[in-house]
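Participant: Sequences are here, hints too, so could you generate the full structure?
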Amino acid sequence: MQDPARLITDAHDRVRDLYRPAIGRSRDELTTPTLLLDMGTLRANLELMEAGMRDVPTALRAHVKVHKSPHIARMQMEHGAVGVGCATVWEAIVMARAGITDVFVINEVVGREKTRAFALLAREADAKAAVDDAAQVAELSAAAVAAESTIGVLIDVDEGMHRSGVTSSAEALPLARRIADAPGLRFMGLTGYEGHCSLEFDETRRHAMAREAMGVLTGIADDLATDGLPCQIVSAAGTGTWGVTSRYPGVTEIQPGSYATMDGHHRGLDPRFGWAVTVLASVISRRPDRVVLDAGSKTVGASHGVLKDWDLEKYRFDEEHSIFLADDGTALATGDKVEILCNYTPFAIGYFEAYHVLEEGRVVDIWPVMPRGPESRWLLDMLESGD
Amino acid sequence: MRDPGPVIANAHERVRGFYGSAIGRSKYEVVTPALVIDRDVLLANLEYMQSRLPELHARLRGHVKNHKSPHVARLQLEHGAFGLCAATVWEAIVMVRAGADEVLIANQLVNPVKRHAAALLAREANVTVNVDDVGDAAALSAAAVAAGTTLGILVEVDTGMHRAGVDSPEEALTVGRAVQELPGLRMDGLSGYEGHTSLEMDRDRRHEKQEAAMRYFVDVADHLEANGVPCPILSAAGTATAFWTGANPRITELQLGSYAAMDDYHFLMEPRFKKATTAVVTVISRRRDRVVLDLGKKTFGSAEVGSIAAHPRIFGHEGLKPYRFDEEHATYEADETCPLKVGDVVDFHLGYTPFAVNYFDAYHVVEDGTVVDIWPILPRGPLHGGLLQLLEAGH
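Protein chains in written order, with our numbering: chain W, 1 to 387; chain U, 388 to 782.
Some hints here could point you the wrong way.
[Unchecked claim] In the DSS-like style, the derived pairs of lysine-lysine whose C-alpha atoms are separated by at most 30 angstroms in a straight line are:
hint : chain 1 : residue 1 : chain 2 : residue 2
1    : U       : Lys452    : W       : Lys337
2    : U       : Lys452    : U       : Lys661
3    : U       : Lys596    : U       : Lys452
4    : U       : Lys661    : U       : Lys596
5    : U       : Lys452    : W       : Lys314
6    : U       : Lys661    : U       : Lys728
7    : W       : Lys314    : W       : Lys337
8    : W       : Lys308    : W       : Lys337
9    : U       : Lys728    : U       : Lys708
10   : W       : Lys314    : U       : Lys596
11   : U       : Lys661    : U       : Lys708
12   : U       : Lys452    : W       : Lys308
[Said to hold, decoys possible] Computed footprint of chain W on chain U, listed as stretches where at least three residues anywhere in the stretch have a Cβ under 8 angstroms from a Cβ of chain W:
hint : segment
13   : 392-406
14   : 495-509
15   : 514-527
16   : 550-557
17   : 654-663
18   : 712-722
19   : 731-745
[As the list claims (entries may be wrong)] Here are the computed distance ranges between Cβ atoms for each label pair:
hint : chain 1 : residue 1 : chain 2 : residue 2 : range
20   : W       : Gly268    : U       : Glu754    : 44 to 50 angstroms
21   : W       : Glu203    : U       : Glu720    : 25 to 31 angstroms
22   : U       : Ser694    : W       : Asp17     : 39 to 45 angstroms
The set of hints was computed from the structure by calculation and includes no laboratory data. Since we're looking at a predicted model, the values are computed, not measured. Each residue gets a CB set at the ideal place from its N, CA and C atoms; glycine is no exception.
Facilitator: Structure (C-alpha cells):
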C-alpha cells in the first residue's frame, strides 16, 4: 500500500479543521446529530475477519461503498485485504489515491465520462470493472485505448439476485471472448454477488442459497475455462454469506464490506461483528408519551434504526426528527444524548461529510466521508489535469 | 433582501467549478445520476403561489428544508415570501447569508452550540425559534443575553402531528409566560405545523383534519391572549394544506416549502404545483425481464414517506413496476416491448425530493432541456460544514 495522496490528506485536514473543537471531548459533549465511529469495535471487527480468512483458500477484497472512508479502507488493507471493491468509479478514484493499488468497481461503468475517468484511473492503479453487455465492452475498450491504459474486466453474473449480470454460460462465453479480443481490456474472470441471500435471515436457508448461487457462478467459470478462457478471479460474497462462500471451491475472493462498520440488517445475518458506526442524537422534545430526537430520515436514511441502550418502540421518522414512544418510566430528558443503531448504515453515512472517531468514548480524530454523494465529476477533472 | 454573502458566492463558484462543463449542454449529456431543477417549472410554481397570496389572510414564509438552495430561497423571497423558514440552525445561517432578513427555525435547538449559533445569527437578521420546554427557553435566553441579541420565540403547539410541541392550552400558557419574562427573548406567538394532515392522501379527510388542527391551534392562542400573553404570530401549514390554512383569518403566516421544487409525494395532494426537481439517470444493465438504473436509495433516499409510497420511477415509463431498490441501483420489471437499452439516459421522478437533495452537492439548472447553471445545495447533510466558524468569525 502506498502513502495516501494529497486528495486524501487535504480532505482529512479540511474536516479536522471544521470539527476540531470536538477532538478530546466525550461523546456527550458533541453537537448532534453526528456520525460516530468506535475504533475499538472497528478493530475487533477487522481482526475477526482477518482471523476468519486465515484458514480459507480465498482472498479478502474489502468493499468500501458501505463506509466511503479512505481511512477505514486502509485499515482493511492492513487487516488482510488484497484490494477493495467499490460501487462507483468515484469511489475507486478515491481509494486509489488513498494508496490502494487493486481497485475493482463491482458494477457496470456506463457513460462517456465515467468510462473516461475509469480509463484514466487505470493508468495509476490496477483498475477492474464489471460488465454484462457487449456495448459496454466496446465503450470501455475505446476509453482504455484513448487513455493508453489497460482495464481489467470481469463478467457480472446474476446468480439469483436479479439485478444486473448474465445468467448463463451461453451468454458469458461470447462476452468473455469479446473482452479478451478487445484492445485495452484484459479478461480477468467473473463476479457474482449473491445479494439475494442477504435478504434471507434463516441461516440454514441462506447458506443453502449461497451454495446454489456459487454452483451457478463456478459452473460458468468452468465452462469458460473449457473454452480456453480461464478465470483468474472468481469474486463473490457479502457479510451475510462470507463464511460459506469463502470456502466454496472455485471461488478465489470474497467482497464483503459491512463487516467493518456493521448495522442492524447485517447483525441479523452475522452478530459476531459489532456496531462500530452509530448516529448520535439529542432529545430535543420530551412529551409525556414520547421522546423526539434531532436525527430523522435525512440523517439516518431510508431504513431508520433503533436506540442503543433504550428499548423504545419507534413511533415515526420525519425528515429531521425521529420519535420513540417513552412513558414516564423512561429516564430520558430534553438534552440527553442517545445513539441510533441504524438498520442500514450506508444510508446514514451517505448524508454525512465526516466521522467523529472515538477511542473509549473520546473523540480522537475526524475522518472524511469520501466520495460523498452520488456525483463527483470533479474527480475526473482531477485525473485529467494530472494532479 | 440583501445581496448574497461570500459563503453563497463561494459555494456557487465551487459547484460551477465541479460541474460547470455541463453548462450549455443537453441535460442528457451530464454525468448521471444528476439532480435537475427546471427553472421554468420552478418559476411557474412560485408565480402561482404568489398569485394566490392576495386572497389569503396569512403571509408566506417560504420553507427551505425541501430544496436547501440559497438560489431557490431568493426566488421565493422575490415571489411574495416575506421571510424564510428552516428546519435547522445551519439552514438558517445559510439563508440569512443568502440575503433573508427574517428566518424562523421551526424546530427545537436544545444543543448549546446550536443555541449559541442562533443567538449569533440574530445579530444579522430577525431570528425566531420554536420552543416547547421552559428549560430550553431559559437556555436560549442565556445564549441571547451572552450574544447581546434578541431571539423571537414561537411556542410550538402539537396540533395533532405528535412530534414536538406542547399538548394543552395550559402548558402553552406556562411556556409562553416563561418566555415573556426571560431576557433576550421576545414572545412572538405560536407555531403549529399540521404535518399529520400531509400523511392523509384523501382530500376530504385531510381537510377535516386540517380544520380540527387549526381550530385547536386558535383555541390555544385564545387561551394565551385571554391570560395576558399576546400572540401576534400564528404560523402553520404545509404545501398540502396551504390554501385552507391560509384562508383562516386567525393564521398570520404559512410555512410551506415543497410548493417551489415539488416532488411526486406532494404532487399526489396538490397537483397545481408541478414537479420542478427530477433526476437524470442512465440504464446500466438491460436484462430480458428488467432494466437497472445507476441510482438507488443512496441517491433518492427512501421510496416511502412514513408508510406512504412516494413512487420513484422513470419518466415515460411510469408503468414499469419496481422490482427492488438497492443502494446504488433501481431495478424495474420490463419485458422486451420496453425500448430502454444500456446507455440510455432518462428522466427520473425522485419520489420525495428532500431525501435526494440531501445526498447531492448541487442542482443542474435546466431551461428547455439545456443546462444553464449549477446551484449549490447548502447546507448539505446533517453537520454544520464550517458554518459555525463562519458565524463566529463574523464573515
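Participant: Indicate, hint by hint, whether the structure satisfies it.
Facilitator: For each hint, the structure was consulted:
1. Annotation: proposed proximity of lysine 452 of chain U to lysine 337 of chain W holds, straight-line Cα distance about 24 angstroms (limit 30 angstroms).
2. Restraint check: the Cα-Cα separation between lysine 452 of chain U and lysine 661 of chain U comes to about 18 angstroms, which is no more than 30 angstroms; the hinted pair holds.
3. The straight-line distance between the Cα atoms of lysine 596 of chain U and lysine 452 of chain U is roughly 24 angstroms, inside the 30 angstroms bound, and the hint therefore holds.
4. A hinted pair counts as satisfied when its Cα atoms are at most 30 angstroms apart, and lysine 661 of chain U with lysine 596 of chain U qualifies at roughly 25 angstroms.
5. For the hint linking lysine 452 of chain U to lysine 314 of chain W, the alpha-carbon distance of about 23 angstroms falls within 30 angstroms, and the restraint holds.
6. Of the pairs offered as hints, the one joining lysine 661 of chain U and lysine 728 of chain U holds, with about 28 angstroms between alpha carbons and a cut-off of 30 angstroms not exceeded.
7. Under the criterion of a C-alpha separation no larger than 30 angstroms, the hint pairing lysine 314 of chain W with lysine 337 of chain W is consistent with the structure, at around 17 angstroms.
8. Of the supplied pair hints, the one linking lysine 308 of chain W and lysine 337 of chain W holds, its CA atoms being roughly 11 angstroms apart against a limit of 30 angstroms.
9. Between lysine 728 of chain U and lysine 708 of chain U the CA atoms are separated by roughly 17 angstroms; this keeps the pair inside 30 angstroms, and the hint holds.
10. At most 30 angstroms may separate the alpha-carbon atoms for a hinted pair to count; lysine 314 of chain W and lysine 596 of chain U meet this at roughly 23 angstroms.
11. For the proposed pair lysine 661 of chain U and lysine 708 of chain U, the alpha carbon gap of about 23 angstroms is at most 30 angstroms, so the pair holds.
12. Proximity of lysine 452 of chain U to lysine 308 of chain W is assessed by CA-CA distance (about 28 angstroms); at most 30 angstroms being required, the pair is judged to hold.
13. Given as covered by chain W, the segment 392-406 of chain U passes the check, having 3 residues with a CB less than 8 angstroms from a CB of that chain where 3 are the minimum.
14. Restraint check on the segment 495-509 of chain U versus chain W: 6 residues with Cβ-Cβ distances below 8 angstroms, three needed, restraint holds.
15. Taking a C-beta to C-beta cut-off of 8 angstroms, the segment 514-527 of chain U contributes 4 residues in contact with chain W, enough for the three needed, and the coverage statement holds.
16. Remark: the segment 550-557 of chain U is confirmed as covered by chain W, as 4 of its residues place a Cβ nearer than 8 angstroms to a Cβ of that chain, reaching the required three.
17. Under the rule that three or more residues need a Cβ within less than 8 angstroms of chain W, the assignment of the segment 654-663 of chain U is violated, with 0 such residues.
18. With 5 residues bearing a CB less than 8 angstroms from a CB of chain W, the segment 712-722 of chain U meets the requirement of three and the coverage assertion stands.
19. Beta-carbon proximity to chain W at under 8 angstroms applies to 4 residues in the segment 731-745 of chain U; the threshold of 3 is reached and the given coverage holds.
20. At about 48 angstroms, the beta-carbon gap between glycine 268 of chain W and glutamate 754 of chain U stays in the expected band of 44 to 50 angstroms.
21. Checked against the hint of 25 to 31 angstroms, the pair glutamate 203 of chain W and glutamate 720 of chain U passes, with Cβ atoms roughly 30 angstroms apart.
22. Remark: the range hint 39 to 45 angstroms for serine 694 of chain U to aspartate 17 of chain W is upheld by a beta-carbon distance near 42 angstroms.
The structure does not agree with numbered hint 17 stated previously, though it agrees with all others.
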